[in-house]
Amino acid sequence: MHFEGTQQINAPITTVWRYINDPDKVAACAPGFKTMEILGPDHFKPTIAVGIGAVKATFTLDVRRIDVNEPTHAAMTARGNAAGSAVEMRATMDLAADSDSLTTMAWVADVNISGTIASVGARLMEGTAHKLTAKFFDCFRQNIEAPSAEEPSQAPAT
Amino acid sequence: MTTPAQTQIRGMGHSVKRKEDPRFLRGRGHYVDDIKLPGMLYMDIARSPYAHAKILNIDASKALALPGVLAVITGKDLDAAGLAWMPTLMSDKQMVLPVDRVVYQAQEVAAVIATDRYIAADAITLIDVEYEPLPPVVDPIKALEPDAPLVRPDREQKTNHIWHWEAGDAGKTDEAFNSAEVVVAQDLYIPRIHVSSIETCGCVASFDKVEGKLTVYMTTQAPHAIRTVFSLVSGIPEHKIRIISPDIGGGFGGKVPVYPGYVIASVASIQTGLPIKWIEDRSENLQADSFARDYHIHAELAAKRDGTMQALRVKTIADHGAFDAAANPSKFPAGLFSVITGSYALDAAHVEVDGVYTNKPSGGVAYRCSFRVTEAVHTIERMVDTLAQQLHMDPADIRMKNFIPPDAFPYKSATGWEYDSGNYPAALQKAMDKVGYAELRREQAEKRARGELMGIGISTFTEIVGAGPSNTFDILGIKMFDSAEIRVHPTGSAIVRIGVQTQGQGHETTFAQIVAEELGLPVENIAVEHGDTDTAPYGLGTYASRSTPTAGAATAVAARKIRDKAKKLAAHLLEASEDDIEWSDYKFQVKGVPSRSVTMQQVAFAAYTNHPQGMEAGLEAVDYYDPPNLTFPFGAYICVVDIDRGTGEVKIRRFVAIDDCGNVINPMIVEGQIHGGLTMGMAPALLEAITYDENGNIQQGNLMEYLLPTAMETPVWETDRTVTPSPHHPFGAKGVGESATVGAPPAIANAVVDALSHLGVTHLDIPITPWKVYAILQEHGATEV
Numbered sequence: 001m002h003f004e005g006t007q008q009i010n011a012p013i014t015t016v017w018r019y020i021n022d023p024d025k026v027a028a029c030a031p032g033f034k035t036m037e038i039l040g041p042d043h044f045k046p047t048i049a050v051g052i053g054a055v056k057a058t059f060t061l062d063v064r065r066i067d068v069n070e071p072t073h074a075a076m077t078a079r080g081n082a083a084g085s086a087v088e089m090r091a092t093m094d095l096a097a098d099s100d101s102l103t104t105m106a107w108v109a110d111v112n113i114s115g116t117i118a119s120v121g122a123r124l125m126e127g128t129a130h131k132l133t134a135k136f137f138d139c140f141r142q143n144i145e146a147p148s149a150e151e152p153s154q155a156p157a158t
Numbered sequence: 001m002t003t004p005a006q007t008q009i010r011g012m013g014h015s016v017k018r019k020e021d022p023r024f025l026r027g028r029g030h031y032v033d034d035i036k037l038p039g040m041l042y043m044d045i046a047r048s049p050y051a052h053a054k055i056l057n058i059d060a061s062k063a064l065a066l067p068g069v070l071a072v073i074t075g076k077d078l079d080a081a082g083l084a085w086m087p088t089l090m091s092d093k094q095m096v097l098p099v100d101r102v103v104y105q106a107q108e109v110a111a112v113i114a115t116d117r118y119i120a121a122d123a124i125t126l127i128d129v130e131y132e133p134l135p136p137v138v139d140p141i142k143a144l145e146p147d148a149p150l151v152r153p154d155r156e157q158k159t160n161h162i163w164h165w166e167a168g169d170a171g172k173t174d175e176a177f178n179s180a181e182v183v184v185a186q187d188l189y190i191p192r193i194h195v196s197s198i199e200t201c202g203c204v205a206s207f208d209k210v211e212g213k214l215t216v217y218m219t220t221q222a223p224h225a226i227r228t229v230f231s232l233v234s235g236i237p238e239h240k241i242r243i244i245s246p247d248i249g250g251g252f253g254g255k256v257p258v259y260p261g262y263v264i265a266s267v268a269s270i271q272t273g274l275p276i277k278w279i280e281d282r283s284e285n286l287q288a289d290s291f292a293r294d295y296h297i298h299a300e301l302a303a304k305r306d307g308t309m310q311a312l313r314v315k316t317i318a319d320h321g322a323f324d325a326a327a328n329p330s331k332f333p334a335g336l337f338s339v340i341t342g343s344y345a346l347d348a349a350h351v352e353v354d355g356v357y358t359n360k361p362s363g364g365v366a367y368r369c370s371f372r373v374t375e376a377v378h379t380i381e382r383m384v385d386t387l388a389q390q391l392h393m394d395p396a397d398i399r400m401k402n403f404i405p406p407d408a409f410p411y412k413s414a415t416g417w418e419y420d421s422g423n424y425p426a427a428l429q430k431a432m433d434k435v436g437y438a439e440l441r442r443e444q445a446e447k448r449a450r451g452e453l454m455g456i457g458i459s460t461f462t463e464i465v466g467a468g469p470s471n472t473f474d475i476l477g478i479k480m481f482d483s484a485e486i487r488v489h490p491t492g493s494a495i496v497r498i499g500v501q502t503q504g505q506g507h508e509t510t511f512a513q514i515v516a517e518e519l520g521l522p523v524e525n526i527a528v529e530h531g532d533t534d535t536a537p538y539g540l541g542t543y544a545s546r547s548t549p550t551a552g553a554a555t556a557v558a559a560r561k562i563r564d565k566a567k568k569l570a571a572h573l574l575e576a577s578e579d580d581i582e583w584s585d586y587k588f589q590v591k592g593v594p595s596r597s598v599t600m601q602q603v604a605f606a607a608y609t610n611h612p613q614g615m616e617a618g619l620e621a622v623d624y625y626d627p628p629n630l631t632f633p634f635g636a637y638i639c640v641v642d643i644d645r646g647t648g649e650v651k652i653r654r655f656v657a658i659d660d661c662g663n664v665i666n667p668m669i670v671e672g673q674i675h676g677g678l679t680m681g682m683a684p685a686l687l688e689a690i691t692y693d694e695n696g697n698i699q700q701g702n703l704m705e706y707l708l709p710t711a712m713e714t715p716v717w718e719t720d721r722t723v724t725p726s727p728h729h730p731f732g733a734k735g736v737g738e739s740a741t742v743g744a745p746p747a748i749a750n751a752v753v754d755a756l757s758h759l760g761v762t763h764l765d766i767p768i769t770p771w772k773v774y775a776i777l778q779e780h781g782a783t784e785v
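If you read the protein sequences in the order shown, they are chains E and P. Read in the working numbering, the first sequence has 131 at position 131, and its numbers run on one by one without any break. Read in the working numbering, the second sequence has 613 at position 613, and its numbers run on one by one without any break.
Careful: at least some of the hints might be erroneous.
[To be verified] Quick list of in silico lysine-lysine cross-link-like pairs, DSSO-like style, CA-CA up to 30 Å: (1) K93(P) - K142(P); (2) K479(P) - K565(P); (3) K17(P) - K561(P); (4) K36(P) - K240(P); (5) K54(P) - K45(E); (6) K591(P) - K568(P); (7) K45(E) - K76(P); (8) K331(P) - K142(P); (9) K172(P) - K315(P); (10) K36(P) - K209(P); (11) K142(P) - K158(P); (12) K412(P) - K172(P); (13) K434(P) - K17(P); (14) K54(P) - K34(E); (15) K34(E) - K62(P); (16) K56(E) - K62(P); (17) K772(P) - K447(P); (18) K54(P) - K56(E); (19) K131(E) - K565(P); (20) K434(P) - K172(P); (21) K93(P) - K209(P); (22) K62(P) - K45(E); (23) K158(P) - K172(P).
[To be verified] One-sided and incomplete, this derived list gives chain E residues near chain P with beta-carbon spacing under 10 Å: (24) A11; (25) G51; (26) A57; (27) T58; (28) A82; (29) A86; (30) V87; (31) N112; (32) I113; (33) G115; (34) I117; (35) A118.
[As the list claims (entries may be wrong)] For each label pair, taking beta carbons as the anchor points, the in silico distance ranges come out as: (36) H2(E) - T115(P): 45 to 51 Å; (37) D59(P) - T72(E): 36 to 42 Å; (38) H2(E) - E418(P): 55 to 61 Å; (39) L703(P) - T72(E): 45 to 51 Å; (40) E4(E) - G39(P): 53 to 59 Å.
Bear in mind the hints are in silico, worked out from the structure with no lab data behind them. None of the values given here were measured: they were computed from a predicted structure. A virtual CB, placed ideally from N, CA and C, is assigned to each residue, including glycine.
With the sequences and hints as input, model every part of the structure.
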């Protein structure tokens with residue numbers, strides 16, 4: 001599955017960059033986020049629960065940040081397993097300063113899902129993935145734009 | 001005219017109510033999952049999410065820590081016992097559990113043994129498997145490209161090509177094509193489908209450590225063959241293995257192969273000394289058990305301008321998945337696909353098939369089709385229509401013109417089969433009369449003028465069943481005879497044990513009718529037993545519509561052996577010479593003196609109480625029947641469809657099925673077989689197909705996506721028959737279980753193409769879904785708003 005999108009965030013590019021480099025803040029917006037193990041500055045192991053139709057699975061992901069070019073570009077790869085299912089993802093994010101207080105974020109993600117989730121939930125997968133992605137970026141933007149960046153709102157678990 | 005004796009005996013030709021139904025209708029059937037043994041443990045299987053991956057590590061520690069989990073079995077454990085691989089019925093080998101790589105999605109990776117089914121299911125989610133994904137190949141045509149990922153590096157031959165097989169005369173065929181006035185060509189894809197029996201696969205394996213005997217209750221269509229394979233693979237002497245196939249909730253070919261779960265459960269039972277139950281869930285069954293069809297066919301038909309068909313040339317790529325685990329007779333890797341010349345007199349034919357590995361579960365199951373006959377029949381029946389369309393001929397006329405004439409039987413086909421008997425024009429004429437063919441064509445023309453879409457499709461198929469004669473047919477070297485053993489008890493009731501195994505065909509009734517007919521004993525006094533290798537005589541099992549042609553024949557021959565001995569006893573009782581005794585109206589009588597007669601009951605009693613000096617006591621016989629030829633049932637089906645221009649939905653308005661399976665044992669059971677078969681033939685024509693995405697994810701892993709037919713989609717089937725007995729079968733029967741599944745899909749496809757032919761449509765691959773039709777209607781501006 002291929003996803004891409006852009007959104008404008010009412011914040012300076014440096015604020016946005018700081019945000020996306022804080023794994024806890026990123027994770028806080030991940031739908032179904034449960035726990036996170038930080039293995040290094042660019043290596044994380046979050047646990048995320050997702051449900052597609054009747055199939056629920058908890059994925060343990062291995063996330064690595066690669067190809068970082070402050071403050072405009074970052075890429076990451078993630079691979080994870082759940083019982084009978086597996087996911088692989090590669091995502092890039094590009095930031096551009098539209099003004100001192102407005103940043104455009106463009107992102108692209110390629111996701112491969114295998115196993116039970118893909119075969120049993122095939123029909124619902126694309127729609128669910130779009131919904132979860134939209135939710136993630138929406139939460140992300142809201143948190144950055146929130147008056148107190150220290151108290152981010154939580155994305156509802158799914 | 002029925003005599004009182006016939007009414008009492010109810011042998012051949014009676015619609016005897018099925019003896020097995022009282023237990024099924026009352027919920028008292030006894031299936032594998034009904035078996036509960038003391039101390040029984042439960043197994044569940046962890047499966048691969050990837051279609052192709054290396055296994056780097058399996059960590060079972062968390063699963064083993066779960067209370068109630070006794071063991072986790074991996075490929076490495078089996079490898080230590082030499083059981084990580086097992087032979088398939090097609091001389092390939094297949095992983096039981098993988099040691100270091102998986103080759104299709106949902107492949108078995110590790111098994112959990114636990115005290116409870118639910119604990120076992122929880123435990124498999126705790127097994128941590130580290131994979132390194134590899135690129136999969138799911139398209140057999142891409143699999144043949146030189147840089148394609150290699151599915152089976154364990155083989156010496158480092159390609160995905162399994163075998164090449166051909167039949168017929170290539171030179172003669174090419175010659176006919178070179179000089180042909182008309183040639184039509186068509187690509188056809190017969191998609192992968194799944195048998196989806198109501199009962200999934202499973203077993204209870206129980207090893208008795210004191211006796212050293214392994215008993216396996218198993219959902220299998222071929223218990224004896226399984227016993228022999230188990231013995232050869234495990235080294236356990238064959239008399240210490242007992243395979244019991246209890247009531248089976250549908251087989252359809254899907255329960256012929258040996259699945260890894262059977263082997264793992266048996267190993268676990270041997271190690272623990274406790275019974276192990278393994279039952280698949282629905283999605284496991286749909287995703288991992290062997291599949292049917294999946295043939296990519298290119299066909300060409302050569303003809304004269306007047307519609308006389310001359311030659312057929314066919315090239316096929318067969319997708320067998322990751323293991324060649326089909327259940328074809330050993331010498332027939334493409335089954336009986338070469339029956340593809342069908343009901344038509346052709347001068348020449350040449351058929352080629354190449355088997356290919358892909359990262360999918362095993363293919364090639366003969367789904368209610370005697371070994372690739374469905375693919376063959378679909379091809380020829382579509383090609384005949386393609387030719388008719390090209391020549392602007394009526395599809396009924398072109399068939400009548402090209403049928404093998406009734407006086408040409410036995411008929412040697414261009415690919416070498418000897419058809420035993422047939423009368424194709426009679427069957428088609430009967431179907432045309434019943435459906436009102438000429439009137440329907442008039443109606444179609446009127447409707448077409450108004451823009452309404454209606455189509456009439458014909459299929460005049462020839463089946464090839466009853467495998468098979470031992471000079472050509474074997475499975476792993478075991479000849480495909482079948483057997484029956486009959487014992488008549490002193491009071492005149494009897495038990496019949498047969499080497500075939502019922503999965504709903506009604507053997508307990510029909511085999512009793514054969515014996516009733518031959519011995520003159522009332523059908524209710526004859527018990528039929530099957531499916532237990534400790535008691536039943538050796539046989540190759542039930543599939544390919546082979547039970548009546550093989551074991552049915554054995555039953556009649558065994559009964560006739562008994563009747564021969566009974567005649568001697570009758571002579572003794574009637575104090576007459578054996579030469580003066582005749583069998584008439586189900587009893588022995590002195591020739592010309594009906595008043596001096598004895599019944600089989602009286603004879604049976606004498607066999608134990610009053611047999612002549614020098615004669616062996618008792619009344620029993622065994623027969624192992626080696627059929628001299630296959631049998632060739634046939635039929636003529638006509639389907640009338642209306643197409644909804646708003647939705648693209650194909651609605652079957654009428655379906656007339658004339659079947660000829662030779663002499664009929666039980667007309668009601670035959671009709672039931674035809675009804676079920678037609679529904680199972682409609683399903684792949686309109687609904688069912690298994691597809692995979694580029695990563696090897698199955699797209700129909702549940703019954704929401706895989707559309708089984710229900711009563712909602714099933715039309716009223718109008719059935720009738722003609723009777724052309726098989727000349728070589730002891731009572732002239734041919735077998736019927738699969739005719740309708742084989743014959744129905746092209747009738748439906750031909751009807752839809754016929755409905756759309758004026759738009760320039762010449763072919764549609766099955767399944768013909770509403771979306772497919774709607775897209776065509778849209779393209780031609782023929783939709784209804």
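Status of each hint after checking the structure:
| no. | hint | result |
| --- | --- | --- |
| 1 | K93(P) - K142(P) | 23 Å, holds |
| 2 | K479(P) - K565(P) | 29 Å, holds |
| 3 | K17(P) - K561(P) | 28 Å, holds |
| 4 | K36(P) - K240(P) | 21 Å, holds |
| 5 | K54(P) - K45(E) | 22 Å, holds |
| 6 | K591(P) - K568(P) | 14 Å, holds |
| 7 | K45(E) - K76(P) | 29 Å, holds |
| 8 | K331(P) - K142(P) | 27 Å, holds |
| 9 | K172(P) - K315(P) | 16 Å, holds |
| 10 | K36(P) - K209(P) | 19 Å, holds |
| 11 | K142(P) - K158(P) | 15 Å, holds |
| 12 | K412(P) - K172(P) | 16 Å, holds |
| 13 | K434(P) - K17(P) | 28 Å, holds |
| 14 | K54(P) - K34(E) | 29 Å, holds |
| 15 | K34(E) - K62(P) | 19 Å, holds |
| 16 | K56(E) - K62(P) | 20 Å, holds |
| 17 | K772(P) - K447(P) | 22 Å, holds |
| 18 | K54(P) - K56(E) | 25 Å, holds |
| 19 | K131(E) - K565(P) | 80 Å, violated |
| 20 | K434(P) - K172(P) | 40 Å, violated |
| 21 | K93(P) - K209(P) | 29 Å, holds |
| 22 | K62(P) - K45(E) | 19 Å, holds |
| 23 | K158(P) - K172(P) | 34 Å, violated |
| 24 | A11 | 38 Å, violated |
| 25 | G51 | 15 Å, violated |
| 26 | A57 | 9 Å, holds |
| 27 | T58 | 9 Å, holds |
| 28 | A82 | 8 Å, holds |
| 29 | A86 | 4 Å, holds |
| 30 | V87 | 9 Å, holds |
| 31 | N112 | 6 Å, holds |
| 32 | I113 | 8 Å, holds |
| 33 | G115 | 3 Å, holds |
| 34 | I117 | 8 Å, holds |
| 35 | A118 | 4 Å, holds |
| 36 | H2(E) - T115(P): 45 to 51 Å | 46 Å, holds |
| 37 | D59(P) - T72(E): 36 to 42 Å | 40 Å, holds |
| 38 | H2(E) - E418(P): 55 to 61 Å | 57 Å, holds |
| 39 | L703(P) - T72(E): 45 to 51 Å | 49 Å, holds |
| 40 | E4(E) - G39(P): 53 to 59 Å | 58 Å, holds |
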